[in-house]
Amino acid sequence: EDKVVQSPLSLVVHEGDTVTLNCSYEVTNFRSLLWYKQEKKAPTFLFMLTSSGIEKKSGRLSSILDKKELFSILNITATQTGDSAIYLCAGNYGGSQGNLIFGKGTKLSVKP
Amino acid sequence: KAGVTQTPRYLIKTRGQQVTLSCSPISGHRSVSWYQQTPGQGLQFLFEYFSETQRNKGNFPGRFSGRQFSNSRSEMNVSTLELGDSALYLCASSLLSDSGQDGYTFGSGTRLTVV
Chain A
1 EDKVVQSPLS LVVHEGDTVT LNCSYEVTNF RSLLWYKQEK KAPTFLFMLT
51 SSGIEKKSGR LSSILDKKEL FSILNITATQ TGDSAIYLCA GNYGGSQGNL
101 IFGKGTKLSV KP
Chain B
1 KAGVTQTPRY LIKTRGQQVT LSCSPISGHR SVSWYQQTPG QGLQFLFEYF
51 SETQRNKGNF PGRFSGRQFS NSRSEMNVST LELGDSALYL CASSLLSDSG
101 QDGYTFGSGT RLTVV
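Protein chains in written order, with the numbering used here: chain A, 1 to 112; chain B, 1 to 115.
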């Protein structure tokens, strides 16, 4: 059965800390792995990863995929209170990009 | 440009009723997917439409159905509502079914409460 597992489920840090969020996957016909940030309702797209070992960066956020070990990490450096959110990892499988299987998310709380 | 628009924002229905939710994708986007989000199960894939055709369907009962119109707007319908159908229903759109590196853009969702 396809699944995506995220860890930890929740995390509390202080501003300025660096955090690493983990995502492991078992997805048939794997195409790509996506990261989203969900603050209130609409998840907002962060990264799409298709190739192993190539880091994607956006400001203080970065992510990398390991297709051999079937996992991805999302790093956030110099955290800010605005980074507080649920971070979702999703595996895209099957014949089209519409098929996303999501993990349960990591709830990150950044305290001032 | 306008984002993905979902209506209504909130809905309260009673058991046994049916409900129709609407999603207007970003202009030019042809692929629309629907997801159900609950605290216990997280985000679960319902179905995907591309050019008015359902391309994929998740593991939901037949009470859940959808369609896409020629202007790419999509609706999903849930019949014979059950308490467990209470959830946030999210719609996401993409330019192409096999789009590039920009992932899917989600709407703000419809919060359905079944009482």
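Please keep in mind that the hints were generated in silico from the structure rather than gathered at the bench.
Some clues are possibly wrong.
[What the hints assert, rightly or not] Just the calculated beta-carbon pair ranges, DEER-fashion:
hint, chain 1, residue 1, chain 2, residue 2, range
1, B, T53, A, T28, 29 to 37 Å
2, A, G53, B, R15, 26 to 34 Å
3, B, R15, A, S52, 47 to 55 Å
4, A, V5, B, N77, 30 to 38 Å
[What the hints assert, rightly or not] Some chain B residues judged to face chain A by a derived CB distance under 8 Å, without partners named:
hint, residue
5, V19
6, T20
7, G42
8, F45
9, G84
10, S86
11, L88
12, G107
Every residue, glycine too, gets a C-beta built ideally from N, C-alpha and C.
Hint check results:
Our hint of 29 to 37 Å for B:T53 and A:T28 is violated, since their Cβ atoms are close to 22 Å apart. In this structure, A:G53 and B:R15 break the distance hint of 26 to 34 Å, their C-beta atoms being roughly 51 Å apart. Roughly 48 Å separates the CB atoms of B:R15 and A:S52, a value that falls within the hinted 47 to 55 Å. Between A:V5 and B:N77 the beta carbons are some 32 Å apart, a value that agrees with the proposed interval 30 to 38 Å.
Here the hint on B:V19 is broken, as its CB sits about 18 Å from the closest CB of chain A, past 8 Å. A cut of 8 Å between beta carbons decides the hint on B:T20: the least distance to chain A is about 19 Å, and the hint is violated. Proximity of B:G42 to chain A holds as hinted, the smallest CB-CB distance being about 4 Å (cut-off 8 Å). Satisfaction of the interface hint for B:F45 is found here, the shortest Cβ-Cβ separation to chain A being roughly 6 Å, below the 8 Å cut-off.
The beta carbon of B:G84 comes no nearer than 18 Å to any beta carbon in chain A, farther than 8 Å, and the hint placing it at the interface is violated. This hint is violated: B:S86 has a C-beta 15 Å from the nearest C-beta of chain A, more than the 8 Å allowed. The interface hint given for B:L88 holds, since its Cβ lies 7 Å from the closest Cβ of chain A, which is under the 8 Å cut-off. Interface hint status for B:G107: upheld, as the beta-carbon distance to the closest one in chain A is roughly 6 Å, under 8 Å.
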